[in-house]
Amino acid sequence: MLRIRRFEEKCVELYSAARIRGFVHLYIGEEAVAVGTMQALGADDAVVATYREHGHALARGVPARSIMAEMFGKVEGCSRGRGGSMHIFDAATRFYGGNAIVGGGLPLAVGLALADKIRGVPRVTACFFGEGAVAEGEFHESMNLAALWKLPVLFCCENNLYAMGTALERSESETDLALKASSYQVAAWSVDGMDVLACQSAAERATTAIRGGGGPVFVEFRTYRFRAHSMYDPELYRSKEEVEHWKQRDPIATFVASLQADGLVTQDALDRVEQEVTAEIEDAIAFAEAGSLEPVEDLARFLYTEQN
Amino acid sequence: MAPAETENVVMTYRDAVRAAIRDALRRDDRVFLMGEDVGCYGGCFAVSRGLLEEFGPERIRDTPLSEAAFVGAGIGAAIGGMRPIVEIMTVNFSLLALDQIMNNAATISHMSGGQFHVPLVIRMTTGAGRQLAAQHSHSLEGWYAHIPGIKVLTPATLEDARGMLWTALEDPDPVLIFEHGSLYNVEGELPAGAGPVDIERAYVRRGGSDISLITYGGTLRTTLAAAEQLAAEGIDCEVLDLRVLRPLDTAAIVASVARTHRAVIVDEGWRSGSISAEICARIVEGAFYELDAPVARVCSREIPMPYAAHLEQAALPRIETIKQAVQRSLGGHHG
Chain A
7 MLRIRRFEEK CVELYSAARI RGFVHLYIGE EAVAVGTMQA LGADDAVVAT
57 YREHGHALAR GVPARSIMAE MFGKVEGCSR GRGGSMHIFD AATRFYGGNA
107 IVGGGLPLAV GLALADKIRG VPRVTACFFG EGAVAEGEFH ESMNLAALWK
157 LPVLFCCENN LYAMGTALER SESETDLALK ASSYQVAAWS VDGMDVLACQ
207 SAAERATTAI RGGGGPVFVE FRTYRFRAHS MYDPELYRSK EEVEHWKQRD
257 PIATFVASLQ ADGLVTQDAL DRVEQEVTAE IEDAIAFAEA GSLEPVEDLA
307 RFLYTEQN
Chain B
848 MAPAETENVV MTYRDAVRAA IRDALRRDDR VFLMGEDVGC YGGCFAVSRG
898 LLEEFGPERI RDTPLSEAAF VGAGIGAAIG GMRPIVEIMT VNFSLLALDQ
948 IMNNAATISH MSGGQFHVPL VIRMTTGAGR QLAAQHSHSL EGWYAHIPGI
998 KVLTPATLED ARGMLWTALE DPDPVLIFEH GSLYNVEGEL PAGAGPVDIE
1048 RAYVRRGGSD ISLITYGGTL RTTLAAAEQL AAEGIDCEVL DLRVLRPLDT
1098 AAIVASVART HRAVIVDEGW RSGSISAEIC ARIVEGAFYE LDAPVARVCS
1148 REIPMPYAAH LEQAALPRIE TIKQAVQRSL GGHHG
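From first to last, the protein sequence lines stand for chains A and B.
Note that the first sequence covers residues 7 to 314 in my numbering.
Note that the second sequence covers residues 848 to 1182 in my numbering.
Misleading hints may appear alongside valid ones.
Computed from the model, here is a short list of chain B residues facing chain A with C-beta under 7 Å [claimed, not checked]:
{"hint": "1", "residue": "D946"}
{"hint": "2", "residue": "H957"}
{"hint": "3", "residue": "G960"}
{"hint": "4", "residue": "G1035"}
{"hint": "5", "residue": "P1038"}
{"hint": "6", "residue": "A1039"}
Just so you have them, the derived chain A footprint on chain B, three or more residues with Cβ under 8 Å [what the hints assert, rightly or not]:
{"hint": "7", "segment": "1052-1064"}
{"hint": "8", "segment": "1162-1176"}
Worth flagging that the hints you see were computed from the coordinates, not collected in a lab.
Ideal placement from N, C-alpha and C gives every residue a C-beta, glycine not left out.
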């Protein structure tokens, strides 16, 4: 969680310094969801994420170097500089984007799970999306299809209460999202998305059910985005008091406090983690800075598959 | 006893498509067919009739009416190692899946820096002529040809209906196949052993020296009929079947115009911002100094397709309108 937090804080600095451009959507405040959920996934499982996916990529094991280089637009980036912040792809960790169309990743996840089901491969596809996606037709179509065909999809709904600037109660006639999902005969429940252990245990329960052949599961992670929607957001739609209230439940601070209260971690160990994280991020930035730009002659490469 | 491989058998365009699907299912166990009513119903246009009984529900998958979900699932399954054939009932319905086609299928290879590939085939019906009115009759394949990252095929003959599918399935990238609805009942002969064909080149379906008629899909037959009638008037038309709208076989277009020095493009799509406009531009770019007359176009009228038979026919390219365009290009007299 600290890696993601510090990585993204650095992104803000780099963005302000115009080293990173385009849209950058920060995950700060929501780290427990990705970190907790990824604990329940194995190396063979797949992940489909959204444009707010630095955290998922880092937690999944996509190297910080290749993510940072991607944001710098360098050829050493995971998507060779073609994707940027919103389109992190990594075959080695089965990380299928980085989808910047709200709801657009859900049918893709259903298809990955369908391929596994047809071939009898016991893998899970975890699909992350925000509560805003629940208003999209692709959400409903995907839930129905996954349930109908009992496909191994873990639908991870990250409810941070705002679809960009539109509050949940202003966009959904039924704000109980697990109830909504359960209408598709999908096992569905909600969990405190600010508590990393609760997230992990929810994901473990879900993946156990999915691996048992029970079909898809929907988990609503109740979380909150501490920062603006993107770098261009003046945050007119929510109060400072509300943000401050949620910051009291900071997933990193509360987890550290509970570890300390139980005597499970020393200040030395915490300092060491902080140093390791700083070193990793500095290394990632140095790697990105030293990276090269893809030759413009290669602009159209990979539009179609290169065959030998 | 089955006919010898070289022996001709009589079949319809529908039979040829079905034979192609059956062949693909037999050749590769990663292939499956998925779409609305492809199974129990036998296909909206009876293309897949009998396949459910032969291959079972795992490989002939009826889907809910969820174009975005099942097209997207086809994309995911293709990335996941399968070779799906997704059927969409008509091109108008494909607009419900346009997000998946445009934003996922067409982008993922490039956007991922070449890490992921989408070996998916999407088949759909296109075109008018059956009084199905304004939400089942349009020719939007030219729109799709606008999108880099996909390939667009328009089989106009039995041979292509039979042969393009397997080549498309072997392609590592997404391929869209547009089957003109008026062709399904067309009967013809095909060798029993007919197999895969290329999906790269335009073919000259009728050689000629006076003018090039450039067309594809549902209007190939109309154009060939017009060429026959014009031959009786002493006008020798070359008919070029594009077959593939993306990537366009520009060399074949330019070569034909260089031979005849005149061109009429026949396209059932609308004229403005269309594939016919693109072909016209390529002729101007590649064969401008070869031209003896302005390039002409015969397209559908720019209206939503009407129901009434006489109105629908009036909106479409016809033998008469093609002949008139040719005669105008030749200045009313030949030679």
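Tell me the numbers of any earlier hints that the structure contravenes, in ascending order. 4, 5, 6, 7 and 8
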